[in-house]
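Hey, can you work out the whole structure from these sequences and the hints?
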Amino acid sequence: MSEKSDRVKRLLMLRDFLKKRLRKLEKEVIELRKMMEVLDEILLEQTLVTADQLKAIPQKLEERELLSDQGNRLGIIRIDRGEGTILFLPSEGVLIDARERPIRSFLLRKIEEYGARPFIEEASDGTLKNLRIEGISPKDIDKMVKLVRWALAKSVVQ
Numbered sequence: 534m535s536e537k538s539d540r541v542k543r544l545l546m547l548r549d550f551l552k553k554r555l556r557k558l559e560k561e562v563i564e565l566r567k568m569m570e571v572l573d574e575i576l577l578e579q580t581l582v583t584a585d586q587l588k589a590i591p592q593k594l595e596e597r598e599l600l601s602d603q604g605n606r607l608g609i610i611r612i613d614r615g616e617g618t619i620l621f622l623p624s625e626g627v628l629i630d631a632r633e634r635p636i637r638s639f640l641l642r643k644i645e646e647y648g649a650r651p652f653i654e655e656a657s658d659g660t661l662k663n664l665r666i667e668g669i670s671p672k673d674i675d676k677m678v679k680l681v682r683w684a685l686a687k688s689v690v691q
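Sequential numbering from 534 applies to the sequence shown in this note's numbering.
All the pointers check out, no bait thrown in.
Below, a list of computed lysine to aspartate or glutamate pairs in the EDC-like style, where the Cα atoms sit at most 20 Å apart:
{"id": "1", "residue 1": "LYS672", "residue 2": "GLU616"}
{"id": "2", "residue 1": "LYS643", "residue 2": "GLU633"}
{"id": "3", "residue 1": "LYS593", "residue 2": "GLU667"}
{"id": "4", "residue 1": "LYS687", "residue 2": "ASP630"}
{"id": "5", "residue 1": "LYS662", "residue 2": "GLU633"}
{"id": "6", "residue 1": "LYS676", "residue 2": "GLU616"}
{"id": "7", "residue 1": "LYS679", "residue 2": "ASP630"}
{"id": "8", "residue 1": "LYS672", "residue 2": "ASP613"}
{"id": "9", "residue 1": "LYS687", "residue 2": "ASP675"}
{"id": "10", "residue 1": "LYS560", "residue 2": "ASP549"}
{"id": "11", "residue 1": "LYS553", "residue 2": "GLU564"}
{"id": "12", "residue 1": "LYS672", "residue 2": "GLU596"}
{"id": "13", "residue 1": "LYS593", "residue 2": "ASP675"}
{"id": "14", "residue 1": "LYS567", "residue 2": "GLU578"}
{"id": "15", "residue 1": "LYS643", "residue 2": "ASP673"}
Treat the hints as calculated values from the structure; they're not laboratory data.
Here it is in structure tokens:
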């Protein structure tokens with residue numbers, strides 16, 4: 534019986550220790566949250582941009598027409614160098630098969646090799662509605678545009 538009571542006694546001590554530790558940690562969490570609030574307020578003050586300052590920031594959004602090697606219009610490509618994104622929208626009447634190998638095998642693999650994330654939206658018939666690429670390094674954007682142009686031109690439905 535004494536072995537059992539010793540075990541219960543140790544368990545009760547452990548329970549008391551855990552309760553005290555938990556109270557201490559809860560107080561620490563409250564203090565850390567207060568510090569985070571103060572830090573957030575300071576950061577907000579430091580990073581607040583007024584409307585006149587916003588106009589002074591040059592826009593890094595480019596929009597251009599994407600053409601095949603033969604000069605055929607593929608669509609519009611929007612490049613945001615600041616965000617590291619590319620958005621391609623096919624021209625009206627241009628059908629690009631989103632399931633073709635140049636897109637599904639080559640382009641998606643290359644995008645991922647560059648550490649970016651591809652998002653393909655396709656219609657029910659498999660034609661491309663849009664292609665969005667996010668997380669592109671600024672130094673890789675021009676290379677990425679060339680890869681996109683090549684893959685899309687090879688995937689145009691004739």
